[in-house]
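Here are the chains, one letter per residue:
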Amino acid sequence: MKKPILSLSSLSQKYVMALAGIFLMLFLVSHLATNILMLRGDDGEAFRGAVRFLTENPFIKIMEYVLFAGFLIHIMLGVILQIQNTRARPVKYHTRLKTETSTFSRYMFHTGVIIFIFLVIHLVNFFFVRLGWVPIPEVAEGDRYEFYEMARELFQNPWYSAIYLISFVFLGFHLKHAFQSAFQSLGLNHNKYTPAIKTIGTIYALVISIGFASIPVYFLFFH
Amino acid sequence: MEIRLKIWRQKNAHTKGKFETHHLKEVSPEMSFLEMLDYLNTQLIEQGKEPVTFEHDCREGICGSCGLYINGRPHGPMQHTTTCELHMREFKDGDTIVVEPWRASAFPIIKDLVVDRSSFERIIHAGGFVNINAGCAPESNSTPVNKIISDRAFDAAVCIGCGACVAACKNSSAMLFAAAKVSQYALLPQGKVEAAERVQKMVKKMDEEGFGFCSNTYGCEFDCPKGISVDFIAQMNREFFSAKVCKPKAE
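Which chain is which? The protein sequence lines are A and B, in order.
For the first sequence, position 103 matches number 103 in the numbering used here, and the numbering has no gaps at all.
For the second sequence, position 129 matches number 129 in the numbering used here, and the numbering has no gaps at all.
Calculated from the structure, these hints are not laboratory results.
Bear in mind that the values here come from a model prediction, so they are computed numbers and not experimental data.
Hints are supplied without guarantee of correctness; some may be wrong.
[To be verified] Below, simulated DMTMM-like cross-link-like pairs (lysine to aspartate or glutamate); rule was C-alpha separation at most 20 angstroms, straight line:
1. A:K3 / B:E209
2. B:K226 / B:E85
3. A:K92 / B:E209
4. B:K226 / B:E60
5. B:K111 / B:D57
6. A:K192 / B:D231
7. A:K192 / B:D151
8. A:K192 / B:D155
Let's have the full structure, built from the sequences with the hints guiding it.
Okay, structure coming up:
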């Protein structure tokens with residue numbers, strides 16, 4: 001038998017996975033709340049105000065490092081869990097029936113990989129510009145915080161819009177399972193509240209994926 | 001009825017296995033699945049061939065030894081049914097039935113369809129018991145237990161340790177088994193005393209045996225012949241968390 005990758009117990013790894021996941025889910029809410037301001041039809045005035053507030057806020061600056069750590073832990077643990085799980089069944093079944101289980105839970109790693117690829121593209125598109133690692137696009141006129149113009153330029157390219165939209169579909173699949181799974185992993189299961197948690201998880205996944213998808217759709221068709 | 005059996009043959013843990021196909025005629029729909037295998041073996045012996053090795057004992061669904069992976073599901077197509085209680089009437093005339101052993105690195109194959117499930121035994125040895133001083137049975141009314149709680153403990157205690165949860169899990173995880181055993185004791189006053197140490201020791205052993213992690217896919221609950229709920233996995237997660245965070249360090 002091969003040695004486990006981490007000395008941390010299986011359950012502790014699942015707690016960390018769940019906690020990092022919940023943190024990332026909270027981040028998505030704040031990220032969407034900011035970005036949705038682009039749809040106000042005021043040429044990004046309200047959105048610019050929010051970006052200015054966030055980039056100048058020292059708390060947000062600290063949280064950026066925490067967010068980076070959150071992503072790193074969640075991704076690395078996801079890979080480690082996948083390796084351990086593959087090791088646990090070296091010989092696969094010849095015939096395997098799909099039973100009535102959560103379909104999305106079976107593809108958490110796969111949807112995770114797609115989201116990771118999207119994350120890299122997204123960081124190159126926006127975050128690296130802010131860091132100065134990638135040249136500022138012409139539309140932003142030398143202002144590396146001019147995300148509104150950058151987004152408009154980017155999403156008017158149907159290829160980029162398509163990449164973003166497809167990624168949000170998979171993000172939705174990932175979140176659909178993630179929400180209730182995090183509660184289960186933390187042992188927060190109750191016959192009164194678990195059905196509600198599952199419903200809220202589905203609504204959350206829909207709101208996040210449709211909410212983010214509305215931005216490329218807006219720039220592509222309505223702007 | 002006529003049946004085409006595609007059955008796993010493997011000499012031992014060190015050799016590679018393969019599927020072998022057998023055509024069985026005059027199979028009675030009233031036969032249990034294991035009786036059908038007995039019928040196959042009788043024919044194989046008559047032909048001077050090696051019979052198929054499979055594990056069985058009580059043949060009434062309580063011993064947990066007859067686990068077979070039939071047509072892509074542990075214990076076959078019927079829910080809440082062990083292999084021994086599955087009958088041939090659940091299949092159609094002319095069906096092809098694929099029979100495989102449990103597949104998990106923690107359950108190495110001994111021969112054909114028999115796997116070594118002693119990793120489960122070792123998890124139990126690690127803490128799946130209650131230390132009490134032997135003596136007279138105590139007066140039953142001196143330890144009141146809420147009926148709902150005692151029923152829940154019983155729902156966990158119906159686990160027969162067959163390993164279907166591991167076989168069903170996409171990660172070969174033993175969480176449902178361990179959770180049932182942890183919860184069964186943790187819910188009752190006699191077991192509560194050692195609950196914190198027990199859950200830590202049993203989880204540690206489970207990890208050492210090389211089972212996978214829980215993805216909360218809940219395939220285990222669906223395929224458990226005793227219908228044990230994944231709520232017990234959440235219960236084990238809670239027990240483990242409180243033991244790690246609130247209780248003194250285990251030795």
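To see whether the hints hold, each was checked on the structure:
no. : hint            : verdict
1   : A:K3 / B:E209   : holds (10 angstroms)
2   : B:K226 / B:E85  : holds (12 angstroms)
3   : A:K92 / B:E209  : holds (19 angstroms)
4   : B:K226 / B:E60  : holds (13 angstroms)
5   : B:K111 / B:D57  : holds (17 angstroms)
6   : A:K192 / B:D231 : holds (12 angstroms)
7   : A:K192 / B:D151 : holds (18 angstroms)
8   : A:K192 / B:D155 : holds (18 angstroms)
Violation of the numbered hints given earlier is absent; every hint is satisfied by the structure.
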